[in-house]
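Single-letter residue listing:
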Amino acid sequence: MSGVLVIEDDDRIRRSLMMALEDEGYKVRGTATAEEGLAAHRAEPAEAVLVDLMLPGIDGFECVRQLRRDGDATIVVVSARDDTHDIVAALEAGADDYLVKPVAIKELSARIRAVRRRNRGGQSSPGTIVVGDLEIRADAGEVRLRGEPVPLTRTEFLLLCELGAHAGQVLSRQQLLQRVWEYEFGDERLVDVHVGRLRQKIEDDTASPRRLVTVRGLGYKLQR
Amino acid sequence: MPRLGLRARVSTTVAVGALVLSTAIATLSYQFIRSSLLDERRIVVWRTAYYDASYVEARIGAPDTDYVQVLSSFNPGRGRTPVLVVAGTPYRLDVAGVDIPRDLAEMVEGGQAARQIVHTPQGPVMIIGIPLATTQYYEIVSLRELDNNLRQIGLVLTLVAGGVTLAAAALGWYTGRRALRPLASVAEAAEGIAAGDLNARLDPQAEPDLERLAASFNNMVDQLQQRIERDRRFAADVSHELRSPLQTLAAAAAVLERRQESLDARTADAARLVVEEVDRFQQLVTDLLEITRAESELDLSEVDVLALARDQCKRREIDPDVVTVLNREGDATWRADARRVEQILGNLLENAQRHGGGVVAVRLYQEGGYNVIEVDDDGPGVLPENRELIFRPFVRGSNAERRGDTDGAGLGLAIVARLAESHGGRATVLDRPGGGARFRVELGRQS
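These protein sequences, in sequence, are chains G and Z. Counting along the first sequence from 1, when you hit position 98 you're at 98 in our numbering, and nothing is skipped either side. Counting along the second sequence from 1, when you hit position 430 you're at 430 in our numbering, and nothing is skipped either side.
Simulated from the structure, these hints should not be mistaken for laboratory data. It cannot be assumed that every hint is accurate.
Reference listing, derived: stretches of chain G covered by chain Z, where coverage requires no fewer than 3 residues with Cβ under 8 Å from a Cβ of chain Z [said to hold, decoys possible]:
#, region
1, 80 to 89
2, 104 to 113
3, 168 to 176
What follows is a list of derived Cβ distance ranges for each label pair [as the list claims (entries may be wrong)]:
#, chain 1, residue 1, chain 2, residue 2, range
4, Z, Glu211, G, Pro56, 47 to 53 Å
5, Z, Arg335, G, Gly141, 35 to 41 Å
6, G, Gly141, Z, Thr292, 43 to 49 Å
7, Z, Glu191, G, Lys106, 44 to 50 Å
8, Z, Glu276, G, Pro149, 51 to 57 Å
9, G, Glu184, Z, Gln446, 30 to 36 Å
10, G, Pro149, Z, Asp231, 47 to 53 Å
11, Z, Pro380, G, Pro56, 53 to 59 Å
12, G, Gly168, Z, Pro433, 39 to 45 Å
Glycine included, C-beta positions come from ideal geometry on N, C-alpha and C.
Bound-form chain Z, shown alone (with noise of 0.2 Å):
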């Protein structure tokens, strides 16, 4: 079963505790009611009971008298029916009339006035009896009005518990959420960071119960910050440790390359080692400096894309008529970072001419939020399985597909998917309709 969420929780805690409390409440309030009612209309009742027993009593003094007509000689009121039993044989109004129960007769006749409650079909009923001097005296009270207003009574303090505890509930759900607000905010805020805002802080003052969380969380993205610019540092300094050294390889490499008929066979076989391996390490070095920088901060400005990519064919000795830009002004002038969308192209056209056939359409435009680069090749396409897997570094492919950087280090597209993803997209690799893979890059836009 799913656990549920914290507002939830609360919400039913709320909930239930006012439920036990308002029924208590209403079943306390009701019993009282009840029994009040009761005991007032139990007075009422004795003391015209008694009244009339007396009436009565005067009244059958004489050995012939009609006992009916006595009865019916006075108005008892409306849901009263008076009984009178003359040597065990009763006398009434009613015909078929509830009739007296046997331990209450008893109880009468013993000579004690009693009361008995008995339930009817037509609801419930009081038999009070009082024993006269040679009868006994019966009043069947209907207590059917009385037992309407105890159930609407009930009725009422029923709906009220109910809505007390949806109120309840409604209030804890609300409550709930206004003390989760705060954490809205640093949820926000650590969006905000995951985004690339290192500067996104908390404010401690804000919320005094949620200082501490506050706190913590300010100080994990100082952390952050520190260690997201040591490792830039390091990354730069890394980056110009290694630039010097190569330098001084590349042109000592060129000297003996230079010289390479001068040299003996030995020697300039290993002199052209040299120099290749220098020319491996230059670009790998090139490559991963390439990779540091898409973690720094982006260099925006008005990029002419249109313009980038075509010299980009050109520089590559690709026909530039097969870039196109699919927007209806016909131009690609996106916000970006030109260094890497020029990068981006490169590697890509690099890429299609190396492992894909040779470059078949470059399509520039927009959709949603997003600046796009297409680059559709000739070559067998990438298996579903390798899409992913081609976009991390050092990966070369496998021998029956020799798609990724293989004559270089393998990051060519490693630096497209980081370089994508610096500019807040992605890179992907599709199938093109016709044959062969089509890469797309998805660069957000930039404000």
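The shape of chain G in the complex, shown without the other chains (with noise of 0.2 Å):
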């Protein structure tokens, strides 16, 4: 896994994306088709992915949803729709992030330094937390719901074992942005559609969860 790969069907979106990313240290690598980009990704998967929305051919949801299919990437919407539906829409498909053009450069390279240091250090967490039936086994990077293995994006394993790392405990968003994706400040739109996948899959009723419970006023909090 190396360098970012800009999908981007804008020539000169992607040029000056790429000169800029490669100004701050990246190997960048661009395509303007979904096709060509999905392909680059399995010919050499990339550390971190920023996908357009609005792509000849396959669009950016679709993109979205083979690269998180195929792997593990993080996957960045950088779009010019700034409409929750489609924020939300991208976020449900896989994307760790969601971007609204224009993105200032500096903001780009935060985000993916953070998920350089996320992929880099996750791997040192703590050993196994077990909440209830719920086993978190941070190091061999597995969850277990029952004994069954929970299948986990990387972003939502992460806001898992958060979670988990302080169960009982109420976590704010902003916290769990600061702790989970490393952003300083973000969009808590973020953390709520993560939370919300992550119930899909451990929770047995997603309209009234019991293990990830919302503590208003606060945040989330994963039940002992």
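Assemble the dimeric complex from its two separately framed chains, guided by the hints.
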């Protein structure tokens, strides 16, 4: 896994983003279509993939879905669309983050750096956390519910590890953004959508969650 | 003079019409009743008088007749006074009765039977004069009873006319309301549209007489809806079209900025200007898009505004403990558009930091139908004449009072106002007790 892959059909945006990210010290590749991008990622997986939503052929949402299915790369959507529906749809398709154009290069770079730190530092988590019938094996990168393995994306896994490490304690959305995404400040919808996805995998009834509960005015808590 | 309302006018017209009509009918009825009662009375009076006259005549043949004796020998009945005039001398039973009018006396003396109505303080009387062989016989008949009857009939008729007029006025008022009721549904629909419900339409079948109004009203709303939709699409398109080139500019500017050292002085200066302007342009476009977003529908959810406010404070290095919730439960979970509330909080805090000497307090509470956000600052406050002005776009405040977004495009508070309006609320600025300004944003509670 190495470098950043930019999937963006607008030639000028792609070129300028690639230049700017190269200046920030990344190894950058770029493609104009999702098809080329997916092929390039399969040939040599990138650490982070930046995806535009409005692409010819396979659109951004589908591209995110396929990238997520293929692996663990961090997927950041960079789109001109700022509608909440698009944001939630992209996050639900599997994106780790969603940035609305125009994105300042410093911010983009900070997010990719955070992802890098996360990917490298993620391995040194404490051992196994058991919360009720939920077993989080941080070192093995594995989660089991009643003994059955639960398939989680990297972000979901890190989110659950963070909540599990502080089981019984409330973590605010901003704390989770800082600890899981390593963002100083970010869009809280990121946390909400990922919590929602996580609930679909670990809760029996997502409408009335029993394990991962919302604490009004404060944030989220993994029940002991 | 203020113009009368439609209902009042309808009601007045109907009442006046009814008044004229009922007065005419009452007057005619009165005249008819009066003349027929009088005619009847006259016939009776004449007949009795002739009878009495022949009775008297039969008893006054002797030269030494006691005329008063004769008159008192028969009872003419209540209200009838007989008078016998013999050679110009009246003989009568009542001492101070009604005098026989001269012209009537002359006619009777001339041999002609006649009558006359005379009004006396005791009421009207009819005087019948019948010439006898050598004398004249008169009968004075009181019409008081008849007069009383007529007076009562007149009173009743007047009351009826008055009643009819009042009833007509009431009917006019009522039918006016009924007639205007379909307009109430128009008003309701218009209010709904003003409140943002563009799907409100009128049923043209509901009121056949107002079909045209309903049709043109619906047409107007269709046009309005299309126009708003077009504007919204346009704003979305513009947003997209502006964002893409800005992304290129932002990235390219970053490249220039990073390489400033390797450029010659002049190019570096130019590059710096480009970078700065791209930043400003980016902020301006983001703000403008924020304003156009205020026009779109609310994206409602349960928003933890306390957490949001604390985070917004942390983000700006403000002690999050300045945020207090004033209701009993101590939480502020409001149904609102999270993004917009965040934007409002962010802009208010930024405004306080930039132009108000820092944030003193942030209060969240509920009052009436509103969720309220208050941000107090430590600045010089806002002059009363500027309190409305500062919420307008591109107002940066005078030099004397550097309020509003002087560094940015001057859209910060305008965005706050628009976002508040989009929640059915408003943004105002007050004096903070103890100095400084208090920005108050009311958000209508959403269901």
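A quick look at each hint next to the structure:
Given as covered by chain Z, the region 80 to 89 of chain G passes the check, having 4 residues with a CB less than 8 Å from a CB of that chain where 3 are the minimum. With 3 residues having a beta carbon nearer than 8 Å to a beta carbon of chain Z, the region 104 to 113 of chain G meets the requirement of three or more and the stated coverage holds. With 3 residues carrying a beta carbon less than 8 Å from a beta carbon of chain Z, the region 168 to 176 of chain G meets the three-residue requirement, and the given coverage holds. A C-beta distance of roughly 51 Å is found between Z/Glu211 and G/Pro56, which places it inside the suggested range of 47 to 53 Å.
At about 39 Å, the beta-carbon gap between Z/Arg335 and G/Gly141 stays in the expected band of 35 to 41 Å. In this structure, G/Gly141 and Z/Thr292 meet the distance hint of 43 to 49 Å, their C-beta atoms being roughly 44 Å apart. A C-beta distance of roughly 49 Å is found between Z/Glu191 and G/Lys106, which places it inside the suggested range of 44 to 50 Å. Distance hint for Z/Glu276 and G/Pro149: a CB-CB separation of about 53 Å, consistent with the stated range 51 to 57 Å.
Against the hinted window of 30 to 36 Å, the Cβ-Cβ separation of G/Glu184 and Z/Gln446 comes to about 31 Å, which satisfies the hint. Restraint check, G/Pro149 to Z/Asp231: a C-beta distance of roughly 52 Å satisfies the suggested window 47 to 53 Å. For Z/Pro380 paired with G/Pro56, a C-beta distance near 56 Å keeps the hint of 53 to 59 Å intact. In this structure the hint that G/Gly168 and Z/Pro433 lie 39 to 45 Å apart at CB holds, the actual value being about 43 Å.
Checked against the numbered hints above, the structure breaks none of them.
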